[in-house]
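First to last, the sequence lines map onto chains A and B.
No gaps in the numbering here: position 169 of the first sequence is 169 in the working numbering, and each next residue is one more.
No gaps in the numbering here: position 216 of the second sequence is 1216 in the working numbering, and each next residue is one more.
Check before you lean on any hint, since a few could be wrong.
Straight line, CA to CA, 20 Å or less: simulated EDC-like cross-link-like pairs of lysine to aspartate or glutamate [said to hold, decoys possible]:
1. K1254/B - D271/A
2. K1184/B - E1031/B
3. K1174/B - E255/A
4. K1160/B - D1068/B
5. K280/A - E1260/B
6. K1063/B - E1031/B
7. K283/A - E1251/B
8. K223/A - D6/A
9. K180/A - E1250/B
10. K1191/B - E1031/B
11. K1247/B - E184/A
12. K1247/B - D205/A
13. K1218/B - E1234/B
14. K280/A - E1250/B
15. K1174/B - E1127/B
16. K211/A - D1241/B
17. K259/A - E1270/B
18. K1020/B - E137/A
19. K223/A - D13/A
20. K1236/B - E184/A
21. K280/A - E1266/B
22. K180/A - E1251/B
23. K116/A - E80/A
24. K1051/B - D1005/B
25. K1126/B - E244/A
26. K1253/B - E273/A
27. K1236/B - E1251/B
28. K260/A - E1267/B
29. K283/A - E1266/B
30. K1177/B - E1131/B
31. K180/A - E1234/B
32. K281/A - E1270/B
33. K1247/B - E255/A
34. K283/A - E1250/B
35. K237/A - E255/A
36. K260/A - D249/A
37. K86/A - E164/A
38. K280/A - E1267/B
39. K1218/B - D1005/B
By construction, these hints were calculated from the structure, which means they are not laboratory data.
The model shown is predicted, which means the values in this text are computed figures rather than measured ones.
Spelled out, the chains give:
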Amino acid sequence: MPLMFDHVYYTYDASSPLPSKAIEDIHFTLNEPFFCGIIGQTGSGKSTLVQQINALLRPTQGKVIVGEFVVDSSKKKMKEIKSLRKYAGLVFQFAEYQLFEETVLKDVSFGPKNFKENEEVAVEKAKKALKKVGIPEEYFSKSPFELSGGEKRRVAIAGLLAMEPQILILDEPTAGLDPKGAQEILALFYDLYQNGTSILLITHDMNVVLKYCTSVMVLHQGKLLGMYSPLDVFYQKELLSEAEIDAPDLICLVEQMEKKGFSLNRQNIRDIESFVAEIKKMKGEVK
Amino acid sequence: MKAIDVQHLWFSYHQEEEEKMILQDLSFSCEQGESIAFIGPNGSGKSTLMKLLVALLEADKGKIFLLDKELKEDTVDFLRQHIGIVFQNPDNQFIGATVRDDIAFGLENRCIPHEEMEDIILKYAKEVGMETFLDKEPASLSGGQKQRVAIAGVLSMHPKILLMDEATAMLDPKGRKEIMALTKKMRSENKDMTILTVTHHMEEALLSDRIIVIYQGKVYMEGTPDEVFSHAEELKAIGLDLPFEKKWKEELKKAGFPIENTMTDEEAIEILCH
Ligand SMILES: Nc1ncnc2c1ncn2[C@@H]1O[C@H](COP(=O)(O)OP(=O)(O)OP(=O)(O)O)[C@@H](O)[C@H]1O
Ligand SMILES: Nc1ncnc2c1ncn2[C@@H]1O[C@H](COP(=O)(O)OP(=O)(O)OP(=O)(O)O)[C@@H](O)[C@H]1O
Ligand SMILES: [Mg+2]
Ligand SMILES: [Mg+2]
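The following block holds chain A by itself, in its conformation from the complex (with noise of 0.2 Å):
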């Protein structure tokens, strides 16, 4: 199914003396199953942008289709909202907000339960989701209000995998996670793409873009900039610039060898080990 966007907008305070447009005209379709990256600047509204699909904002103008859902700028309550935000969930850029019950087990089952599932589905499939965050079982009955920053964030992420959404919104969700722990949660949500579930990731880490995401979607002052795979974005120094991004580091050591005469095939280099093994590829057929 497609997650569709027809030219949405987005003002905050729409109503007030000092309205602040957000986004403007966007417009896209995606095909489920996808793993998109959103780039941008600082303030470009992503964050805005990703809050109109499971409608925790209304669009100004325009509208969103989510699966068989649609969200538009009608002001009345939507009487789907509950399956819609099983079918698409989010987790927050500043995910703390995020947790509120009194312990981390109930927390991360509230999802489950809320979507009907019995009390001891509802547990396992927290226990599970926990487990693959790394949130150790001693931490369950821990309140989730006196976690680190980034074991909040590993709860959150983790009430998000519970509820079993078809599509898994995350803004920034490696932001405050140390190295393994934000490699062992990109593998996830790559294993969960692998296997027919979407996924939507805001992020700051292009080398993250650059490894994982099959489209990425480029934002500059609240317009879409375009659709792209990650390897058009970052080999085209003039929309990059346009953007104000900085290409990934192992794009610069690439061109930095390029440029010392090395000629390296771009499509197959996605990380470190990639790069290092075209480097091998390269001087074994030399010797």
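Use these hints to put chain B with the ligands onto chain A, whose structure you have.
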């Protein structure tokens, strides 16, 4: 003069319970003018340590000296004049109704005369690229904008000791570099400004004078960036990693190329050419 001297610190959040200690006999010190990066896995105690340094939490055992004075009830007000902290979540530090008021609030607390205040506010808002947002509510900013404002607020007070707890986590790499350049500039103008940065970005740690690795509430390793990052396997084992510019060299070395992670990019590429 030592900016910070922490001696045998022990801390737990719930003393009454038989809970594991969060900080366990943690000691370190730093000279005025130094920049130190703290790295460590999630839950290792970095933020807890920062909160102890600004007396938001109180140690169970051990001593903290700031600027040669022991941190105690009767010195805390004085010492707070000289220490500034940017939290992991900027919402935890906004007080003002607008960005302008928020920066002004900190300045008022430091008894800056009103006529100077507007200039200072504008200067720091500009430094972080937020000068067009002065009349906005902090709550209505994007994640990265909030972090920029929080940083401006603390820098405008010219603290002698600056603590940044993942203060740039929501910024893009460009924004992060700009903030690092800004603190570097402030440090060069003011040689005795000390900066402690808590970060999960190894690239950021690479730029500090010294790195302290925290693991399970203890100092696990300590040294210059080159020293610390020469222990790739130990760092990996506790959930950390090398910064990109060292990591690719390390991986090539593992693959059998005569490359070291301390080489410059040019040196390493030169070797690959042959
Ligand atoms: N609650 C709000 N009220 C008014 N304006 C807002 C609100 N939230 C965001 N904005 C404004 O809308 C614009 C887009 O913000 P958004 O949070 O979508 O950016 P972003 O791309 O997610 O940025 P970041 O990378 O910093 O998180 C920004 O200029 C911001 O100041
Ligand atoms: N308010 C609190 N009450 C009880 N325990 C807490 C509280 N805050 C943190 N902890 C626990 O103390 C330990 C250290 O937390 P701290 O926030 O210092 O970690 P950190 O190194 O900053 O981690 P992160 O990289 O995730 O921010 C963690 O195990 C955490 O669960
Ligand atoms: Mg955002
Ligand atoms: Mg922390």
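Verification of the supplied hints:
Between K1254/B and D271/A the CA atoms are separated by roughly 16 Å; this keeps the pair inside 20 Å, and the hint holds. With a C-alpha separation of about 16 Å, the suggested pairing of K1184/B with E1031/B holds against the 20 Å cut-off. Using a Cα cut-off of 20 Å, the hinted pair K1174/B and E255/A holds, with the two alpha carbons roughly 19 Å apart. Under the criterion of a C-alpha separation no larger than 20 Å, the hint pairing K1160/B with D1068/B is consistent with the structure, at around 13 Å.
With a C-alpha separation of about 17 Å, the suggested pairing of K280/A with E1260/B holds against the 20 Å cut-off. This hinted pair checks out: K1063/B and E1031/B have alpha carbons roughly 17 Å apart, not beyond 20 Å. The suggested pairing of K283/A with E1251/B holds, with an alpha-carbon distance near 15 Å, which does not exceed 20 Å. Restraint check for K223/A and D6/A: the C-alpha separation of about 13 Å stays at or below 20 Å, so the hint holds.
For the hint pairing K180/A with E1250/B, the CA-to-CA distance comes to about 17 Å; that is within 20 Å, so the pair holds. Note on K1191/B and E1031/B: the hinted pairing holds, with a Cα-Cα distance of about 11 Å set against a maximum of 20 Å. Of the supplied pair hints, the one linking K1247/B and E184/A holds, its CA atoms being roughly 18 Å apart against a limit of 20 Å. About 16 Å separates the Cα atoms of K1247/B and D205/A, which keeps this hinted pair within 20 Å; it holds.
A C-alpha spacing of about 15 Å is found between K1218/B and E1234/B, which places the hinted pair at or below 20 Å, so the restraint holds. Only pairs whose Cα atoms come within 20 Å are accepted, and K280/A paired with E1250/B is accepted, the gap being roughly 14 Å. Under the criterion of a C-alpha separation no larger than 20 Å, the hint pairing K1174/B with E1127/B is consistent with the structure, at around 14 Å. Between K211/A and D1241/B the CA atoms are separated by roughly 17 Å; this keeps the pair inside 20 Å, and the hint holds.
Restraint check: the Cα-Cα separation between K259/A and E1270/B comes to about 12 Å, which is no more than 20 Å; the hinted pair holds. As the CA atoms of K1020/B and E137/A are separated by approximately 15 Å, the hinted pair is consistent with the 20 Å bound. Taking the CA atoms of K223/A and D13/A, the gap is near 19 Å; set against the 20 Å cutoff, the hint holds. A C-alpha spacing of about 13 Å is found between K1236/B and E184/A, which places the hinted pair at or below 20 Å, so the restraint holds.
Only pairs whose Cα atoms come within 20 Å are accepted, and K280/A paired with E1266/B is accepted, the gap being roughly 19 Å. Distance check on the hinted pair: K180/A and E1251/B sit about 17 Å apart at the alpha-carbon level, within 20 Å; holds. A threshold of 20 Å between alpha carbons decides the hint, and for K116/A with E80/A the separation of about 15 Å falls inside it, so the pair holds. The suggested pairing of K1051/B with D1005/B holds, with an alpha-carbon distance near 15 Å, which does not exceed 20 Å.
Between K1126/B and E244/A the alpha-carbon distance is near 18 Å, which keeps this suggested pair within the 20 Å criterion. Restraint check: the Cα-Cα separation between K1253/B and E273/A comes to about 12 Å, which is no more than 20 Å; the hinted pair holds. With a CA separation close to 13 Å, the supplied pair K1236/B and E1251/B stays within the 20 Å bound. With a C-alpha separation of about 12 Å, the suggested pair K260/A and E1267/B falls inside the 20 Å cut-off, and the hint holds.
A threshold of 20 Å between alpha carbons decides the hint, and for K283/A with E1266/B the separation of about 18 Å falls inside it, so the pair holds. Taken as a hint, the K1177/B and E1131/B pair is honoured in the structure, with Cα atoms around 19 Å apart against an allowance of 20 Å. Restraint check: the Cα-Cα separation between K180/A and E1234/B comes to about 13 Å, which is no more than 20 Å; the hinted pair holds. Taking the CA atoms of K281/A and E1270/B, the gap is about 18 Å. The hint holds against a cut of 20 Å.
Of the supplied pair hints, the one linking K1247/B and E255/A holds, its CA atoms being roughly 17 Å apart against a limit of 20 Å. Between the alpha carbons of K283/A and E1250/B the distance comes to roughly 17 Å, so the proposed pair stays at or under 20 Å and holds. The straight-line distance between the Cα atoms of K237/A and E255/A is roughly 12 Å, inside the 20 Å bound, and the hint therefore holds. For the proposed pair K260/A and D249/A, the alpha carbon gap of about 17 Å is at most 20 Å, so the pair holds.
Restraint check: the Cα-Cα separation between K86/A and E164/A comes to about 8 Å, which is no more than 20 Å; the hinted pair holds. With a C-alpha separation of about 18 Å, the suggested pairing of K280/A with E1267/B holds against the 20 Å cut-off. Of the pairs offered as hints, the one joining K1218/B and D1005/B holds, with about 15 Å between alpha carbons and a cut-off of 20 Å not exceeded.
The structure fails none of the hints (numbered hints given earlier).
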